[in-house]
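Start from the sequences, fold in the hints, and give me the full structure.
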Amino acid sequence: MAVPRNPEIVRLEKKIEDLRYQYDLYFSGHRRTEPSSLMNEIDHEILNATRTQHGKSTGVQFQLNTLAHKFRALQTRVRKTLERWEKARTGRRQAIAEATQERSSTFYIDRLTIENPTLLKRRIRALYTGANAPTFNPDKISDAILDKASQVIDKPGVAAVRFTVSHSANEKAPKVKGDLIKLKAASEG
Numbered sequence: 001m002a003v004p005r006n007p008e009i010v011r012l013e014k015k016i017e018d019l020r021y022q023y024d025l026y027f028s029g030h031r032r033t034e035p036s037s038l039m040n041e042i043d044h045e046i047l048n049a050t051r052t053q054h055g056k057s058t059g060v061q062f063q064l065n066t067l068a069h070k071f072r073a074l075q076t077r078v079r080k081t082l083e084r085w086e087k088a089r090t091g092r093r094q095a096i097a098e099a100t101q102e103r104s105s106t107f108y109i110d111r112l113t114i115e116n117p118t119l120l121k122r123r124i125r126a127l128y129t130g131a132n133a134p135t136f137n138p139d140k141i142s143d144a145i146l147d148k149a150s151q152v153i154d155k156p157g158v159a160a161v162r163f164t165v166s167h168s169a170n171e172k173a174p175k176v177k178g179d180l181i182k183l184k185a186a187s188e189g
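1 is the number of the first residue of the sequence shown in my numbering; add one for each residue after it.
Hints are computed from structural coordinates only; laboratory data are not their basis. Note that the coordinates shown come from a computational prediction; the quantities given were computed from them, not determined experimentally. Do not take every clue at face value.
[Said to hold, decoys possible] Label-pair distances were calculated between CB atoms; the ranges are: (1) Asn40 to Val176: 48 to 58 angstroms; (2) Glu8 to Gln75: 14 to 24 angstroms; (3) His54 to Glu34: 30 to 40 angstroms.
Quick reminder that beta carbons are idealized off the backbone N, C-alpha and C, glycines included.
Shown next, in the form of structure tokens:
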């Protein structure tokens, strides 16, 4: 003969099913906010119910423990899904930031830039100043870039020089890499 259902357990089961449904809506994008308040409320109720088991029959205790286990499994599933989402979001943000950093740290030096070096100096200062300013002087980088570019820009067949400045936290000074852009390649692109 089956143990009669305790009304408290039936009510908690309905709440857990509602929570599962709300999280399914949230994960599918049909709900904008996470139902964390309902999760906390059910967690508190299950915790109180399992603490006060000592006066209840063995069948009711078993039902409560089974319900608590189902709820913990739901919590684990939700937590892991949210962690995967956050990891994916962080990865996308980092990829966008790296692409932006790479774009902003690539400089094309042509004859006009050599004639007006303040354009390059302003860009490099904007890139390497602010709250996370490095220990090196950005003007030295721009002077070195302009010096190297002025040495090769007048050679025949050279349209411009592309410099890529990369800097990591464990390096004291940034690395500067230069590439020549040929006249033919510049006119085609």
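Checked hints:
no., hint, verdict
1, Asn40 to Val176: 48 to 58 angstroms, "holds (53 angstroms)"
2, Glu8 to Gln75: 14 to 24 angstroms, "holds (20 angstroms)"
3, His54 to Glu34: 30 to 40 angstroms, "holds (35 angstroms)"
Hint compliance for this structure: no hint is broken.
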